[in-house]
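J.: Listed here are the chains, written in short residue letters.
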Amino acid sequence: MPVPCARCNMPLPKWELLSGNAASCPSCGSRNTIHLFPAALAQTAADRPEAAIEGEAACFDHPGKRAVASCRQCGRFVCQLCAVEFGTGVWCPSCVANAAGQARQANATTSVTLYDTWALAIPFALLIVWPLTLLAAPAVIALALMKWKQPISLVRRNRWRFALGLAVALAEGGAWAWGIWYVIARARSGA
Amino acid sequence: MEQERIKYKKLPGRRRGFIFGSSVWLGPDHLLLVRSARFREEYKRFYFRDIQAIVTAKAPRFHISTRAAFLGVALGVVLPVAVNSRIPWTIWWSIALLAVLIALWIYISAAASCRTRIYTAVSSDELPSVYRTWTARKFLEKVQPHIAQAQGALEGNWAEAVEEKQVGPLPEGRVGLSMPGSAARITLPSASAAASSTPASNFFVASLCLGGLANLAAVQVNGSVGRWILLITILVQLVGAVPVLVQNYRGKLQAGMRNLAIAALVSAGVWYYAVLMGASMAVAYQNAQSRSHKIVVPQAQEWVVFEYPLTRGSAGGLTLLLGLAGVILSLRGERPPEERVSFNV
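Just so you know, the sequences run in chain order L and W. In terms of our numbering, the first sequence is residues 1 to 191. In terms of our numbering, the second sequence is residues 1 to 345.
It is worth saying that the hints were derived from the structure and are not from the lab. By construction, the Cβ of each residue, glycine as well, lies at the ideal position given by its N, Cα and C atoms. Fair warning: there could be bad hints in the mix.
[Stated by the list, open to error] With a Cα cut of at most 27 Å, we get these calculated DSSO-like pairs of lysine-lysine: (1) W/Lys138 / L/Lys149; (2) W/Lys44 / W/Lys138; (3) L/Lys147 / W/Lys10; (4) W/Lys165 / L/Lys14; (5) W/Lys7 / L/Lys147; (6) W/Lys7 / W/Lys44; (7) W/Lys165 / L/Lys65; (8) W/Lys165 / L/Lys149; (9) L/Lys147 / W/Lys165; (10) L/Lys147 / W/Lys44; (11) W/Lys44 / W/Lys9; (12) W/Lys7 / L/Lys149; (13) L/Lys149 / W/Lys10.
[Claimed, not checked] Residues of chain W placed beyond 10 Å of chain L at every Cβ, according to the derived structure: (14) Phe20; (15) Val78; (16) Cys114; (17) Trp134.
[What the hints assert, rightly or not] Beyond 10 Å from chain W on every Cβ pair, some chain L residues (computed): (18) Pro4; (19) Ala57; (20) Gly64; (21) Arg72; (22) Arg76; (23) Ser94; (24) Ala97; (25) Ala108; (26) Leu134; (27) Ile141; (28) Lys149; (29) Val183; (30) Gly190.
This is chain W alone, in the form it adopts within the complex (with noise of 0.2 Å):
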């Protein structure tokens, strides 16, 4: 830690992902950008005075956050309520709700979002917290004054004098004019060798989209061929997690399916372990308000469990919004290698 302890102030924009966030501070004299992978924090610090240019460029961000996440699991969980109450409008609310969040999050993502970079003459660095382009404003609102305090404002037209000039470092594959001997050398970046989407990832998502669909259509028929519906496609579902989790150590696939994949895992471990404990709760109260002696053991309940509507409801809610991010990943198509993609979801 540093002998005498600054004093950060946060400027506006967070990155709250399920592993990755990521936010930038302000300091006496420099920007602090916290990159931060659950367990550990990274810093890097731009001085004011060596701060070249702040770009911003519109591009579509579909980034989930963590926050989402739980909105997204909270609205899986209530759907399946909405359809088994008595009440017949709560489901069609619950269904316009849902589509409508889905319908702001797929436009703000792709209408109002942004990627914006800090160049100094030895680096260009994303900052990863700032990526909608409001956020961008009020960030940019905020630095300009500390910057132009330490190095002053920029007068007249600016573009002829940076034209001799090297705005940030020269990245491999920057057309170097400056550079001896480069003038009439152009290389353009090498494309990503890892793609978006392969059979094996669109199997995939496939499964989580059609089994989402499947439990949530199959959530008001018979339990038994319910819950088998639902063990089938969890099958299914791990089944097609594996062949992407190779192909991206291989490097044929990008890590946003990765981490997909992961995501797929994970959330069906911790509903397994949270249906469990629920039906646990459930028998427990039931023993605790049943007037009769007999205790119903909870173990006898495990299959029973996966035959109820809300359970198979929940799961399907869960698996759509997972295939329902696959998809989009698939169709955003390549992007560009140094672009990192472990903060997207």
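Looking at chain L on its own, in the form it has when it is part of the complex (with noise of 0.2 Å):
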């Protein structure tokens, strides 16, 4: 199977990556430019037999499979169909069953919620509908104090989003306080 265009899918022409690293799509005309590397040639699950022969070590679930790993918890041989991947190592489906909180610890992180961006945009985006800036404002500055010390995000990003938002709110929330003094102290030299 030659390399895939990068912009429509399609084969690329093997006699050009011939010459080169470089070939056009014979469908979308794109210039494609390769960097292939090993992991492409290696044999893949699929390329080499799985039934284990004479003397080769054997999955312990499936003594007639060829064992590609050994778990890292206890030990025994695994086949393709046994091997779970956590992190750094190799389990077997019992080791996981077994330690389950453990297996649940190792799990990559693949989405989280950035509550800086929702502190910074809540305080801005009720200024349209101010009435709720009442309920907001409150709301923005508990967000931003409980969340203050957690990671925001898997890679680097900084709490400025927090504090500009935290800024907002503080000074909705004053302009709500002293809104209502005004009208109370009004209402009171009315009286």
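If you follow the hints, you should be able to join the two separate chains into one complex; please do so.
T.: Encoded structure:
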């Protein structure tokens, strides 16, 4: 199977690849530059026979199948089907089942909610419907204070959104407090 | 969050859209693709030992980043100021600057852009942040040594060897020579049902372009006439945006045009509030500066606000930019179905 075009996914012509690492796609005409790595030529599970031959290590649960790794916890041999990858090691299904809590810890984070963006967007967005800021301002202050010390993202991200959102929410809260105080004071002076 | 916090290093390229963004980060043994949608980030890891290939294809990418949009809006404000200023050459300099920037953006988007895909045995993912050719070059310079350290390097010509292998997963529509019984079956990718332009989208784009031009041309006409031109063009644009959203919802129109309609509606709302706030501040300033005790009530000025040349000029500049984006979206034609249009505008 030749290398696919990065734009339209159609196979790139082999005769062009023979002369270098660039080829034009016959379908969309885009000029592709290919950087291939040894993993592309490595034997895949589909290439190699799974059945264990005489004298070869076999899977603990499937004696007829060739072992491809050993469990990091118990050391049992596992076949391609049984091998469960967690972080830096391979686990067997029974160890995953026994240590479900640990397995969850090893699971990598795939998404996070950006609370700092919420804390910034809410006080500004609700200015359009300004009466709602009476509820939103304390909510944003609470959110910012609760999440301040927690990691925001897996990658580098500073806290200026939290700080700005907090400042705007405090200003809105202060404006409400002043407004309420003013109305009460006026009512008293009128009476 | 992970138990041991990994320190990631930013790799060249970042895509900043109005809603969607993307970047790639370097970890100790993997690349981390970060896709963000304003309030949420999604991660995908590519371990160095698993990466089969990184392929870049030259392709036009008409992406409007938030920074470029900010620059466009700033110029859209500066231009009417220049028109109204007493220094005659400022208008020509402003127009020339705007033209040069637009021409540069079109050239870079058309001639110096690319799509980059990363392949493993089980995945084929686009790296949306690596969309300029120079970024792709820098990105590969940084990444290749790490992959080579994990996998080694390929010796000699690999084209013959790779012919018998599968690079990336076999998606629907690819010709699977190694799959049993599939040698004779050749399925081409099905064309996307959604069109890049329809009569409704053409009307919407035309309303943006003509509305923008009309407002810019009418900057120096009588205030009352200019106000009616502005209000009518905004009304036509709002009416034009509705069928675009409906057609996209029904799957007849691609997402790029929907994003443009959303951008037009949002920018109209933001512009309206910005104008009112600006006018209110101007009235407050006038009251503060005035020696008489007669106070000008801001509410009485609401309609007069739309007669100011600055107001009409900024609206014209903004809608003209959106109209140009719409023309490009219409002209660039159909795209393969698996591509993510939502990352564009």
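J.: Hint by hint, which ones does this structure get wrong, listed from lowest number up?
T.: 1, 8, 9, 16, 18, 25
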